[in-house]
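Undergrad: Going down the list, the sequences are from chains L and P.
By my numbering, the letter at position 61 of the first sequence is numbered 61, and the numbering carries on one by one without gaps.
By my numbering, the letter at position 111 of the second sequence is numbered 1111, and the numbering carries on one by one without gaps.
Think of the hints as simulated: they come from the structure by calculation, not from any bench.
Owing to the predicted nature of the structure, the values given are computational and were not obtained by experimental measurement.
Accuracy of the hints is not assured; some may be wrong.
Residues of chain P placed beyond 10 Å of chain L at every Cβ, according to the derived structure [what the hints assert, rightly or not]:
id, residue
1, 1015
2, 1026
3, 1034
4, 1056
5, 1058
6, 1082
7, 1101
8, 1102
9, 1103
10, 1104
11, 1109
No farther apart than 25 Å at their CA atoms in a straight line, the calculated lysine-lysine pairs in the DSS-like style are these [claimed, not checked]:
id, chain 1, residue 1, chain 2, residue 2
12, P, 1003, P, 1071
13, L, 3, P, 1059
14, P, 1071, L, 57
C-beta: ideal position from N, C-alpha, C; glycine also.
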Amino acid sequence: DVKVTQSSRYLVKRTGEKVFLECVQDMDHENMFWYRQDPGLGLRLIYFSYDVKMKEKGDIPEGYSVSREKKERFSLILESASTNQTSMYLCATRLTGGTEAFFGQGTRLTVV
Amino acid sequence: SQKIEQNSEALNIQEGKTATLTCNYTNYSPAYLQWYRQDPGRGPVFLLLIRENEKEKRKERLKVTFDTTLKQSLFHITASQPADSATYLCAYLDTGRRALTFGSGTRLQVQP
Chain L
1 DVKVTQSSRY LVKRTGEKVF LECVQDMDHE NMFWYRQDPG LGLRLIYFSY DVKMKEKGDI
61 PEGYSVSREK KERFSLILES ASTNQTSMYL CATRLTGGTE AFFGQGTRLT VV
Chain P
1001 SQKIEQNSEA LNIQEGKTAT LTCNYTNYSP AYLQWYRQDP GRGPVFLLLI RENEKEKRKE
1061 RLKVTFDTTL KQSLFHITAS QPADSATYLC AYLDTGRRAL TFGSGTRLQV QP
């Protein structure tokens, strides 16, 4: 059974902190994605990676960076957390040539 | 650029009735559209996919249609149950980015 695991369900951080959100998959999928979800705005793509050490910006990359050192792990980094980064963060994977995406359970991040 | 739009207003229906949700796209017909279900505080889960050359797809009580003339997909749940209450998202694959682009979702509430 496909599994995408995000390191935390809930996280509270202070403004200015460096924040790491981790995502691990066990499906051997090449593609991994980070989305954020806000009420009324739907899911917006932050960054994605199609291979180890490869990354591309999505629609809203400002204030974020990512790291993919191993195929199964994709990390989202908030360099200096701000209150407008309070959101639900969703990691997803997809097989190249496949169709559906598989999501983690989400991380609800609150920046105070 | 392509946009994908869903009715942001919640849909309230009575148990046993058919729920119909709409997904409209603005420009070119995507090769396929996908529908996902999302429960509160959880990641989306894939339900169905319909290809551009398919008019209709069914899975148990779910039915999806794809009308390239109207630039629209409809998602139906027949004999709806309170357990069907959730937010339903449509998505298309932007092949250039390998990433799925999602609509903002429609919340369905089935009253017993």
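Undergrad: If a hint holds in the structure, say so; if it doesn't, say that too.
TA: Now the hints, each set against the structure:
{"no.": "1", "hint": "1015", "in the structure": "26 Å, holds"}
{"no.": "2", "hint": "1026", "in the structure": "15 Å, holds"}
{"no.": "3", "hint": "1034", "in the structure": "6 Å, violated"}
{"no.": "4", "hint": "1056", "in the structure": "18 Å, holds"}
{"no.": "5", "hint": "1058", "in the structure": "17 Å, holds"}
{"no.": "6", "hint": "1082", "in the structure": "23 Å, holds"}
{"no.": "7", "hint": "1101", "in the structure": "7 Å, violated"}
{"no.": "8", "hint": "1102", "in the structure": "4 Å, violated"}
{"no.": "9", "hint": "1103", "in the structure": "6 Å, violated"}
{"no.": "10", "hint": "1104", "in the structure": "3 Å, violated"}
{"no.": "11", "hint": "1109", "in the structure": "16 Å, holds"}
{"no.": "12", "hint": "P:1003 with P:1071", "in the structure": "11 Å, holds"}
{"no.": "13", "hint": "L:3 with P:1059", "in the structure": "23 Å, holds"}
{"no.": "14", "hint": "P:1071 with L:57", "in the structure": "28 Å, violated"}
Of the hints listed earlier, those the structure fails to meet are numbers 3, 7, 8, 9, 10 and 14, in rising order.
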